[in-house]
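J.: Protein chains in written order, with my numbering: chain A, 1 to 795; chain B, 1 to 177; chain C, 1 to 294.
Mixed in with the good hints, there may be bad ones.
[To be verified] Below are the BS3-like pairs computed for lysine-lysine, each with C-alpha atoms no more than 25 Å apart in a straight line:
hint: 1; chain 1: A; residue 1: K668; chain 2: B; residue 2: K19
hint: 2; chain 1: A; residue 1: K777; chain 2: A; residue 2: K184
hint: 3; chain 1: B; residue 1: K165; chain 2: A; residue 2: K59
hint: 4; chain 1: B; residue 1: K165; chain 2: A; residue 2: K11
hint: 5; chain 1: C; residue 1: K195; chain 2: B; residue 2: K165
Keep in mind that the hints were calculated from the coordinates and are not lab data.
One-letter residues, chain by chain:
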Amino acid sequence: MSTRKFGAPIKRNIDPRLLTGKGAFTDDINLPGALHAAFVRSPFARARINGIDTSAAEKAEGVVAVYTCDNIGHLDIELPLLIPHPSMTNARTQRPLARDDVYYVGQTVAMVVAVDRYVAEDACALIDVDYDPLDVELDLERAIEDGAPLVHPTHPNNIAADFTQVSGNPEAAFAEAEHVTRIKVQVDRSTAAAMECRTVAARYDSVRGELTVWDGTQAPLGVRGGLASIFGFDEDKVRVIAPDVGGGFGQKVMFPYPDELLVPHAAIQLGRPVKYIEDRRENFIGSNQERTQIHEIELFAKKNGEVIALRDNFLHDTGAFIPYGIAVAQVASTSIAGPYRIPNIHVRFRAVYTPTVPVTPYRGCGRPQACFAIERAMDQLAEDLGIDRFEIRRRNLIRDEQFPYTREGLLFADGLRVQLDSGQYLKALSMAREAIGWDGFAAEQAAARQQGKAIGLGLAYYVEGTGLGPYEGGHIKIHPITGKVYVNTGLTSQGQGHDTVFAQIVSDQLGVKVEDVIVVEGDTGTFEWGVATFASRAAVVSGNAIHKTAIKVRQQTIKAAANMLEADPADIDLEDGHAVIAGTDRKVSLAAVATATNPLRYAFNSAAQAATQFAPASRHDGPPLIDGQHPGLEATDYFSPECATWAYGVHAAIVEVDRDTCAVEVKKYICIHDCGNMINPVIVDGQVMGGFAQGIGGALYERIEYDREGNPTNANFVDFLIPYATEVPAVEIAHLETPSPLNPLGVKGVGEAGCIAVGATLASGIEDALKPFGGTKFHQTPITPSMIFGAIFNA
Amino acid sequence: MSRHEHLERSIPSTSADPKAEVTVTVNGVTVTREVSTRMLLSDFIRHGLRLTGTHVGCEHGVCGACTVMIDGRSARSCLTFAVQADGADVRTIESEANEDGSLSTLQQAFQECHGLQCGYCTPGMIMNIRSHFESGDDLDLSDAGIRELISGNLCRCTGYANIVKAVRRAAELAGRA
Amino acid sequence: MLGNHGVKPPLFDYLVARSSEEAVSLLSEHPGAMILAGGQSLIPAMNFRLASPPALIDINRIAELKTVDIVDGNVRVGAAVKHRDLEQSDAAFKANPLLRAALHYVAHIPIRNRGTTVGSLCHADAAAEMPMVLLLTGGWVTAAGASGQRDIPADKFFEFHMTTSREPDEMIVSATFPGLPFGAGHAFAEFARRKGDYAIAAVGAILERKDDTISSARIAACGIASRPVRLTGVEAALIGKKLTNEAIQVAGERAKDAVTAPDDANATSAYRQHLLAGLTRRVIGEAAEKARES
């Protein structure tokens, strides 16, 4: 038997290509004769447009076309509301090119198509837009006050959605509390900042009426659906390919961005391929962002620290438009009780329009904010009641025997129940306690303080609803000549290593080498059922679909091989690319089995001779393909989860604050993590470490800055501080593997895990470090040196 | 714009920018091309020479994705005009693999250590590290030393820890550790 | 307000100078032209279309501008010398180790491989390290114009953030950093939120001691005002003093007066004062330590 590939640290199939510069990202694809698009974007957060003069640009040498809302025909519409929800009325979405009004700095106003990007940018500068700027309010809390300037006159107090969810009987529990802890916390706006910006290229074949779009998206099937609907094309005349994509982190699951419609439109109209490669500055002002929420959270507790109820009321900044509905706020509101039993929950949020870049998910999607709120509140409760921070959590964690633990009344972002399906929450906490050295820490801290050093221990627990439906599919085919296995699914990969983990799953069923399993995804021309890559769902949903499919192909293969080898199917093993009669050396290659199951007329190679009509094994007493039989070894199946599966983990850190520089040094950082069964532990660690680094960014460095007029002031990599290697500390990871009962592989998602708890952990640690040095509470991220200075010196 | 307006104007194939001739040796091959004088070296390498392994991440010199070697030293190709490279020796990621196409020790180390995810920053990262390996300078293979060596290249996927590992492993494979 | 900037540079005339004289005459023939040395500040500004010079004069083919020379114990750096070459020059290090110490903080190696020290001086970012080092060491730049050459001392050169006293038709052909006085101790300290970023504050110190007493002190800082500044208050507080912890503390406090930069995204003014005081204490201690050793 081959060793099991599931769970093994297999090297990635894709790496040699990426390491040698042979990746094929959108802008790497050679489209002869391609024209290049550039955009004129609003320089005002809110303004009326009195007129747009494109005449000089149109006359400029090398300019092929200039588009405004007046000459894009059927595209001059409000873009789709992707996820409707009853809490929103008249939800606002933007137009591909602004008509009459602009709502944020960066909104697309005109598009120039020219011979190259340099000339297109020259021409953008020639377009004269006459604006009347309007008043704006950027502050979330002031934006909801009466009289605040409105982003949309249709929405009083700038409220886009107002939604309350209740679990248990909170009103009754509030009355029974012996102690109430109330804090207000804020997490600021960040952005995905994938290393490759967004990209779209389109080519139209007017003879066949076929539109091909290369799009650095996480959702090619969604983009295809959008394009077909809006352009009125048959779906099979639109092919959307997400080639290699340089990171996504949620920003690229949103569609359609204006360029995703306008570039195909120009390609159709101009009869030439058109490319738009978003630049970094545009990515900051034109591609969606996430994070700002202000939570007022209350924990209602018994004196022994048991939390019997939670009330949370938060504001969620949705930016100028709400195309993705309330997804981010809903994930936050349903994650607010974290890993704790807390049987009574009242959570209300208001999504608020601000004249800023629209808000849709960025890795974490509401979870970092919820984690920050509940975990900072738990620390405060611990302090209020004089209980240590590990102990207060221990007393409230869901116990092993209580799984599955359902929060009745709450609906998750998939519209399904919130059910924490499995876990060893107490064990994870005690592992964290031991790994960080809690028991000896007080003495260590006291000694450091004697020397004037400010060291502290931080702690945060998180849960992550992952693997959301509705479904994904898998298609598997064994190639009759090479015996290689081809796998398709409706997802895309932006670096997660799907091609390898899916290959591992298939390898176990079919007994082929991982490198002989070729996973092709991100192309609506090869597999057209499914949704997209988001919400830490690929391994769970596509992984299980592919697993189910692989079992089907395994059965087909064994049956056919048994027939060929004249053996009992029960005696057939699949290993090393062959079907083998167990315990013998009698075997047949998968290629031969695949060939034999595909009756041929023509032998185009020697292997194929076995399947031709006069070959020894061919039937002469009836149709070569019996009724209902599918030629070859091939199957398709789907997996649709009954609800999300919840991963979780604990982070703990030892930090030191330098009181001269007010800088934070992370001296030790540990992460206890459970995403169920791990398909590839190296890839899991990679996901956790990558998420962790983004968490460090959000905790200490990254904040999208706007001035009072709504101008972004750090829309570049100089001023928006993404950590380099020198800013990301080492992290020690330990895993638990509690299988999910909700899917055959027992897996949970891991994509977002790493980033969720970092802000809460470091805030907890910094607060602890500075306690005797005049420090106050750290209830906001990112925590900057200026904030630390202010906390220590009350300045 | 009318449906047939594109028929009424001819679409030029290149811009009318002033051009200059540059001769540059790229990955050992000397080429002479006419380029727009304002063309960035990154665009020249990618689109002029169709060596698309060099990526562009910010075009203002911060992310390091476009790092190539110019005359043996790492440099941002987005902060260099193609005309400035006249007479220079330029190396890109396409020169990194062994002659027989197999992965170099540095590339092997990246694969072994899972030092890449989306692969977008990787070519720039590798060219930066390659230039250090070839510089003759002492290599500080401590964690802090390696982090300093790769500071200047942003990676948004890996969190860097596996890149640090890969650099150490590569030094080992290359007999530098 | 952000306009229609992109990330591709606007059109310009590309001119290659073969000698300093030719560069200077091209400057006067092409009003508004800029010198292209390393381009590591200029090209990003052009990519963002924040700068659109009608012409660039490339001086990288001028051999005479590519040398680091030790002249009378001073380090003379030609206009086309890359930061990295100066950083790795052992002769420069021997004459004044502050250069290498400070250059370590200038961006990242790939930028230092292309960027020039003189270019950085001419760019005159108020938070940049090398203008501060020129001021700290009492150095000067040499400007060449149609009417000949002149030396401009650092304290007359840096006028404001990104503004110098160079005349439009002048080219800076070299910068001269005086050698470290014999027996002097030196130190350089910087804090930025990320490694390689412009400083929130950086301080350099050159101290000389007689027995236990500071006999001379030069302290300068960047990132804290509209140009690099000498911390004369700190210097005055040190000269003639015995170097006690208390004296260092007092001197550090005096640094705060020099901070005039307003609050920005990376630092409030009060924090910057606090930071500067801390860095100043560090460099005084470290420089004094080295001075004692010599």
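J.: All the hints need checking, so say for each whether the structure fits it.
T.: Hints versus structure:
1. Between K668(A) and K19(B), the direct Cα distance comes to roughly 55 Å. Violation of the 25 Å bound is thereby established for this hinted pair.
2. Our distance criterion of 25 Å between C-alpha atoms is met by K777(A) and K184(A), whose separation comes to about 10 Å.
3. For a cut-off of 25 Å, the pair hint linking K165(B) to K59(A) is broken: about 55 Å separates their Cα positions.
4. Under the criterion of a C-alpha separation no larger than 25 Å, the hint pairing K165(B) with K11(A) is consistent with the structure, at around 15 Å.
5. About 20 Å separates the Cα atoms of K195(C) and K165(B), which keeps this hinted pair within 25 Å; it holds.
In terms of the numbered hints stated before, the structure departs from hints 1, 3, listed from lowest to highest.
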